[in-house]
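Undergrad: Chains as they are written, first to last, in this note's numbering: chain E, 1 to 281; chain B, 1 to 392.
Watch out, some of these pointers could steer you wrong.
Stated by the list, open to error - Using 25 Å as the maximum straight-line C-alpha spacing, the simulated SDA-like pairs for lysine to any residue come out as follows: (1) B:Lys122 - E:Val79; (2) E:Lys196 - B:Lys345; (3) E:Lys4 - E:Ser15; (4) B:Lys151 - B:Leu200; (5) B:Lys153 - E:Glu174; (6) B:Lys365 - B:Glu330; (7) E:Lys196 - B:Leu155; (8) B:Lys122 - E:Pro169; (9) E:Lys109 - B:Leu200; (10) B:Lys111 - E:Thr101; (11) E:Lys68 - E:Thr141; (12) B:Lys345 - B:Phe262; (13) B:Lys111 - E:Ile172; (14) E:Lys237 - E:Ser15; (15) E:Lys166 - B:Lys153; (16) E:Lys268 - B:Lys111.
For the record, the hints were derived by calculation from the structure and aren't laboratory data. Just so you know, these numbers come straight off a predicted model, no measurement behind them.
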Amino acid sequence: MATKKERRALSWAGSGLMAFLCVVWLLPVVVVLFNSLKNKLFINLEPFSLPTEQTFIGLENYETAIDKYGFLDSVGWTVFITVGSVAVILICTSMCAWYITRVQNRFTKAVYYLCVFSMVVPFQMVMFTLSLIADRLGLGTPWGIIVIYLGFGAGLAVFMFCGFVKTIPIEIEEAALIDGAGPIRTFFTVVIPIMKPTFISVGILQTMWIWNDFLLPYLVLDTTKYKTISIVIQFMKGSYGRVDMGAIMAALIMAVIPVVVFYLSCQKYIIKGVAAGAVKG
Amino acid sequence: MAQVSIKHVEKVYPAATGRRHKPKKGNANLKVTEEGVLAVEDFNLEIADGEFIVLVGPSGCGKSTMLRMVAGLEEITRGEIYIDGRLVNDVMPRDRDIAMVFQNYALYPHKTVRGNMEYPLKLRKVPKDEMNRRVEEAAQILGITALLDRKPKALSGGQRQRVAIGRAIVREPKVLLMDEPLSNLDAKLRNQMRSEIIKLRQRIDTTFIYVTHDQTEAMTLGDRIVVMKDGMVQQIGTPQEVYDSPANVFVAGFIGVPQMNFYDACLVCDGEAYCVELDGVSVGVSAEKCARLAARGVDTQDITLGVRPENIELAGAGDTALTGTVETTEMMGSAVHLHVNVDGKDSIIILQNVEEDGRHPSDIKVGDRVSFAFGGSVVHLFDREAGTNLEL
């Protein structure tokens, strides 16, 4: 048995370790933030130093990213793709999960296992055939990529929604049926409001993934017309090894701010949604 | 209000889904046919306008399945259900003009009490004024006016059940279905809600079909009760009829608390007179019962004898009586329940908790030998093999 003193020492050691890990985790973001305020010539020379009077250039890198590289256009496309994909994923997968859970037969079981299996298949394994098929089907547009994101996002979303729907007593839906609601109305006026915590957590997880995704839009989209934020940042590395590090740092900060704010404002729902269904409520 | 006619209704869960509906432990007697598991078999019942019918039976006997078929939540395999003369076999639940109260309340958790009660009216496009009037009226009847703006999670079990009933009655349905509505409540609240349902019944004009496994609820609430077992109707009658003249051993054992005592005995016929012999004790059957037995041509035979605990009395010295050892005594306040072991079988005797002939029930201790007797007018005589009542 550890004494009180030993337990306190262990607690301090644990806290110290966690604090160190936090610093290690946050350091790259802080370095990017500082470098985004420095002249690009100094970024490679003194990447870890704080901005000085000599190196500090204010928001010039941000202006360059916006004016020269069309950053705002890419924000527009990223927002469109993210919002569209997340909305489609939420509606389609929640309906699918509701059907799978309530109508139990071999078909729905097969669909469920297919969705779960899709979570363990790495993207790199299917990316070649996928980009080929997307090209043939004309899905290389921001509208088309939403369909592809639906396919990739369905696995986790269906899995999470199924877990939650199982905890909703079927009698609530039967009560709605007797009260006069058809299946569609029951879904939208009864099931979705009950699923709100899971709805939000699935939405957040999908938003963060789609917002930050690089590989899929890079492979599928016609990048001469449509660039997402991650593609624009990649394009800041010009040909012949020319890299505008200042603009890249500024763009990275601008790209990460919305998703961090979004996450922080909704993180309580993630925990709620992921935990939902774990125990009988 | 509406008449409900249930004719030859059967429910079979098909073999393909048989695994889900496999008879559970305890109701292994459900029939399994080539079609699947027979959950309800040849159910026939005529329910009059405004009648309060209670379906009662042990878990898995098919009573909830029957109710769900009336509600339209379960498909009918065979037979016909009429509500107010209209065949409703293929009518959607919302078009049957019924309302249902579920065991687990089934309230919409995201809506307030008012929202829950308004929901069925909104779906029927009832004008706002009329909707408010009906909700206020139902809330007043059920005493939940102060709770109208609360969400279900802020209510107690009893309050939730009231809201569930409120949501059902605002619709002013022709038939109100209740599926074990009091099962989730504690004993005290259950008694309170039971009397409130009796009052509610007097205040609203509708036909009730009520499902319960609690025979006390069945006896106190129902105009008539339907006793079910293994998907089959065992007896339909008023509570008094079912209590006084149970159709078979199952009904006799199920209705009445504590349950009826059963003994292996012999019915001896001597012309038009009958007596029961058990363990060397002979009990003459009352003239009324003898007449019924004679009318049915019942002869001397082995029988199962049933006697209700409240019809047994302690015997005095010299009386012809059964003797056994007291195994446990249960002090119930106004009465004392004795569990007496007679040749390895448990007999229950209810004694009023008052002093009689200088003896008080509390004087009887575990291990005491007691003699008890019963009269010939209180015995129930069942066929040993079939279990049916020989008088009916």
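Undergrad: All the hints need checking, so say for each whether the structure fits it.
TA: Results for each hint:
1. B:Lys122 - E:Val79: violated (37 Å)
2. E:Lys196 - B:Lys345: The hint is violated at about 58 Å.
3. E:Lys4 - E:Ser15: holds (16 Å)
4. B:Lys151 - B:Leu200: Judged against 25 Å, a Cα distance of about 24 Å means the pair holds.
5. B:Lys153 - E:Glu174: Holds, at about 20 Å.
6. B:Lys365 - B:Glu330: holds (11 Å)
7. E:Lys196 - B:Leu155: holds (21 Å)
8. B:Lys122 - E:Pro169: holds (23 Å)
9. E:Lys109 - B:Leu200: Violated, at about 45 Å.
10. B:Lys111 - E:Thr101: The hint holds at about 24 Å.
11. E:Lys68 - E:Thr141: holds (23 Å)
12. B:Lys345 - B:Phe262: holds (9 Å)
13. B:Lys111 - E:Ile172: holds (12 Å)
14. E:Lys237 - E:Ser15: Cα-Cα ~40 Å, so violated.
15. E:Lys166 - B:Lys153: Roughly 19 Å separates the two Cα atoms, so the pair holds.
16. E:Lys268 - B:Lys111: Holds, at roughly 22 Å.
The structure is inconsistent with the numbered hints 1, 2, 9 and 14, although it conforms to all the rest.
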